[in-house]
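Peer 1: I would like the entire structure built from these sequences, with the hints used as guidance.
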Amino acid sequence: MNRNRTDRLFSYLFLGAGMLSVLILLGIFLMLLINGIRTFAEINPLEFLFGSTWNPSAYEKASYGIGSMLVSTLMVTLGAMIIAVPLGIGSAAYLSEIAPARVREILKPILEMLAGIPSVVIGFLGIVLLGPAIASTFGLNNGLNALNGSILLAVMALPTIVSVAEDAIRAVPNSFKEASYALGANRWITLTRVTLPASFSGIIAAMVLGMGRAIGETMTVLMVTGNNLSMPNSYFDSIRTLTATIAIELGEVAYGTTHYFSLFAVGAVLFTISLLVNIVAEWVASKFRY
Amino acid sequence: MARPLFVIILHIILALSLITSSCSKAPKGYSLLQLKGSDTEVSLALSLAEAYMDKDSLVSIAVTGGGSGTGIAAIINGKTDIANSSRPMKEKEISLAESQGVKVFTTLFAVDALAIIVNDQNPLDGLGTSQLGEIFRGEKDNWKAFGGEDLEINLYGRQNNSGTYIFFRDNFLKADYSPEAKQMNGNAQIVAGVREDPSAIGYVGLGYVVKKNGSIVDGLKILNIAQDSLFISPLEKDNITSGAYPITRPLYQFTNGKPSGKILEFIQFELSREGQELVSREGYYPLSPEHVMINKQNGLYE
Numbered sequence: 001m002n003r004n005r006t007d008r009l010f011s012y013l014f015l016g017a018g019m020l021s022v023l024i025l026l027g028i029f030l031m032l033l034i035n036g037i038r039t040f041a042e043i044n045p046l047e048f049l050f051g052s053t054w055n056p057s058a059y060e061k062a063s064y065g066i067g068s069m070l071v072s073t074l075m076v077t078l079g080a081m082i083i084a085v086p087l088g089i090g091s092a093a094y095l096s097e098i099a100p101a102r103v104r105e106i107l108k109p110i111l112e113m114l115a116g117i118p119s120v121v122i123g124f125l126g127i128v129l130l131g132p133a134i135a136s137t138f139g140l141n142n143g144l145n146a147l148n149g150s151i152l153l154a155v156m157a158l159p160t161i162v163s164v165a166e167d168a169i170r171a172v173p174n175s176f177k178e179a180s181y182a183l184g185a186n187r188w189i190t191l192t193r194v195t196l197p198a199s200f201s202g203i204i205a206a207m208v209l210g211m212g213r214a215i216g217e218t219m220t221v222l223m224v225t226g227n228n229l230s231m232p233n234s235y236f237d238s239i240r241t242l243t244a245t246i247a248i249e250l251g252e253v254a255y256g257t258t259h260y261f262s263l264f265a266v267g268a269v270l271f272t273i274s275l276l277v278n279i280v281a282e283w284v285a286s287k288f289r290y
Numbered sequence: 001m002a003r004p005l006f007v008i009i010l011h012i013i014l015a016l017s018l019i020t021s022s023c024s025k026a027p028k029g030y031s032l033l034q035l036k037g038s039d040t041e042v043s044l045a046l047s048l049a050e051a052y053m054d055k056d057s058l059v060s061i062a063v064t065g066g067g068s069g070t071g072i073a074a075i076i077n078g079k080t081d082i083a084n085s086s087r088p089m090k091e092k093e094i095s096l097a098e099s100q101g102v103k104v105f106t107t108l109f110a111v112d113a114l115a116i117i118v119n120d121q122n123p124l125d126g127l128g129t130s131q132l133g134e135i136f137r138g139e140k141d142n143w144k145a146f147g148g149e150d151l152e153i154n155l156y157g158r159q160n161n162s163g164t165y166i167f168f169r170d171n172f173l174k175a176d177y178s179p180e181a182k183q184m185n186g187n188a189q190i191v192a193g194v195r196e197d198p199s200a201i202g203y204v205g206l207g208y209v210v211k212k213n214g215s216i217v218d219g220l221k222i223l224n225i226a227q228d229s230l231f232i233s234p235l236e237k238d239n240i241t242s243g244a245y246p247i248t249r250p251l252y253q254f255t256n257g258k259p260s261g262k263i264l265e266f267i268q269f270e271l272s273r274e275g276q277e278l279v280s281r282e283g284y285y286p287l288s289p290e291h292v293m294i295n296k297q298n299g300l301y302e
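If you're matching them up, the sequences are chains R and W in order. Residue numbering for the first sequence follows my numbering, starting at 1 and increasing by one per position. Residue numbering for the second sequence follows my numbering, starting at 1 and increasing by one per position.
Be a bit skeptical, because a hint or two may be false.
As the list claims (entries may be wrong) - Rough simulated footprint, nothing fancy, chain R against chain W, three-plus residues with beta-carbon under 8 Å:
hint, segment
1, 54 to 66
2, 159 to 166
3, 183 to 194
4, 211 to 221
What the hints assert, rightly or not - One side only, chain W facing chain R, incomplete, derived with CB under 10 Å:
hint, residue
5, Thr70
6, Glu93
7, Tyr156
8, Leu173
9, Asn224
10, Gly299
Simulated from the structure, these hints should not be mistaken for laboratory data. All values derive from a computational prediction rather than experimental measurement. The C-beta atom is built at its ideal place from N, Cα and C for all residues, glycine as well.
Peer 2: Right, here's the structure in full:
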């Protein structure tokens, strides 16, 4: 009797907790939308999305085009993924399939500790260490560019990718691998043709979580990419991401102005990007689920 | 099993409420002042606040940065007692403040000089103010144009919530910055960037590049600046107090209405001989007679 009651109570409690996160998500999106939409009373939405000049506190005429910042955000995220995904999946495969138990016991906690380094600290290292290193390697005058941001974001996304991908690979039933070995496949063939494809949906999830980290990261990119407002031409150019723009300008903006609302619109754009990434990933993962 | 969990949760709630209630109790007559705003002024305001707190143990002063715009937004929204700013308030901000019931009162408390810095590998020693405009507007983008090496110029500046950013733009560019200009997150980052970059030029508060003993941060060169034809070094104190060095500006503090009570006492301490001496020791400059005049007209020093 008593036990039934507590069981029911807890099932309601957990239902409430689950609903709460849905409500919070909806609330955030609505707030961004309601505030952001007021930007478009004064600014043409197409000009906002594709205009390449962002200068709300201009000397003469303010302009609100997020085009170059949108490209910048996508650029660092793509760069970070190009570096982090092969590295991450490779390390995950090594940790779960190849590494001896002792090595794994040491390596995995170290990798996860990487996630605990505050982003300001990583940004600081980017300024004093990685920046000069990039400058001297590529013969540039300075290393405050998209490449610097990409490398640091890759470092920050790596623990997430490795940790989730490793769990996914480890969850592949032993019988799959045994069947593969029984057919005469070696370890490499088993890993690439059986184990990795079988854990594909988990690996996609790992990539998406890592990408979410990279898109949303603010402090590190704000510190190391130079925050240059022009349209980037290459990874050696300084860039300013959407997140950095909000972080830099929201503290100063006067309440209720077009500038204020436009920052919410930038937030809504960011939110939409990560939502799209998640939906696409969910779709891809469901197609390959075993 | 369920019961102990509830008991634990209850304990946590009780403990939390105890912590919060014990925090809110402060001794009687104790006042907390908040200063917020200009990054240029943080270190100076902090030293002044510390010196003042040594004299008056019943006051605690918190100083935070964020940029002049941040401080001005805070005073408009009633979130700080004093807003530090390295630029005057704009008409728009004053009327916005009035609509929120905040009547802005201005105090000038120190003078700051901006240093134009380049990497120490740069052969250049000086620039004219009109050349500075050309460089930061992006009209001339190679050091060759100024007798330097054939090297693209890299601009290092502040972000648009910075009073320094606005001051430099409105007085020396009189137009927008080049979109190629890097927007660094504070004075210290401009210094760090310019030290590493032989093609760099940047502007920072002089206090950030001259150490207490008068030596310059290594890896940097401070340019002499010419308004007309005479190159003036900001490193000679007299050049700044006499107004010969062209890139100086007063530092402002805004309050809601004419200050009173502890806020007034603190401001009077800043303006006193002792406060102004501290200003000089921190690498800034005392108020000129004209500035003192303005403060007097506003009814301070009484």
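Peer 1: Determine for every hint whether it applies to the structure shown.
Peer 2: Structure-based check of all given hints:
no.: 1; hint: 54 to 66; result: violated (count 1)
no.: 2; hint: 159 to 166; result: holds (count 4)
no.: 3; hint: 183 to 194; result: holds (count 6)
no.: 4; hint: 211 to 221; result: violated (count 0)
no.: 5; hint: Thr70; result: holds, 5 Å
no.: 6; hint: Glu93; result: holds, 7 Å
no.: 7; hint: Tyr156; result: holds, 9 Å
no.: 8; hint: Leu173; result: holds, 7 Å
no.: 9; hint: Asn224; result: violated, 23 Å
no.: 10; hint: Gly299; result: violated, 28 Å
Of the numbered hints given earlier, the model fails hints 1, 4, 9 and 10; all others are met.
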